[in-house]
Amino acid sequence: MTQNTMDRRAAVKKLLDARDGALVVTGLGSPSYDVHATGDADENYYLWGAMGGAALVGLGLAQAQRDKRVMVITGDGEQLMAFGALATIAVAAPKNLDIIVLDNHHFGETGMQSSHTGKGIAFDRIAGAAGFADTAELRSLEDVDALLDRLRLPSSGPRLFVLKIHAENLPRSLPPRDAVFVKNRFRAHLGFATC
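The numbering of the sequence shown is this note's numbering, which starts it at 14 and goes up by one.
Treat the hints with care, since some could be wrong.
Unchecked claim - Quick list of the computed label-pair ranges, beta carbon to beta carbon:
1) D30 / P167: 14 to 24 angstroms
2) G62 / P184: 18 to 28 angstroms
3) A149 / N197: 31 to 41 angstroms
4) H179 / C208: 35 to 45 angstroms
5) K196 / G34: 32 to 42 angstroms
6) G62 / G97: 13 to 23 angstroms
7) A77 / D33: 11 to 21 angstroms
8) N17 / T207: 23 to 33 angstroms
Quick caveat, the hints were computed from the structure, so don't treat them as lab data. Using N, Cα and C, we set each Cβ at its ideal position, and we do this for glycine too.
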């Protein structure tokens, strides 16, 4: 366990307990397991095999559902795959998109190799430099409690928060893997016809 890190599932539970109707998009692997472990919900959109797609799916959803808050919960490895997505999101400037990066400094799904974030890449600073409205790095569950208050406030643009989490492989809590089912359930939650 690394110093100044937090329990990932406890942090995700805090975020989801206070989601207040937010639509949630998960990055593949552990972020999906963490969200599902908190409780499956129709407003969760789990991505399977879409490495690097979570933030941009969140952007599209935020643009299409401007009256709803969209929260992307993803990992450092997945977000590294979509480094350029931060520039696109900053330029699009949605006011209803929050990106939460669960950062354990490792590629957890492929063997816990060290990731770039353990070597100094800081998503919060990069997003801030790109033009995100609010960014921060959090290292404790108390920091997450304070973040919940920030997330309740309206924003002038996208926000990105990095949660430094313990580097550990927890038991998997597998959400539905049927992509058509997940899509149709999510569409029905939004009031759209399913196909």
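Honestly, which of those hints from before does the structure not fit? 5, 8
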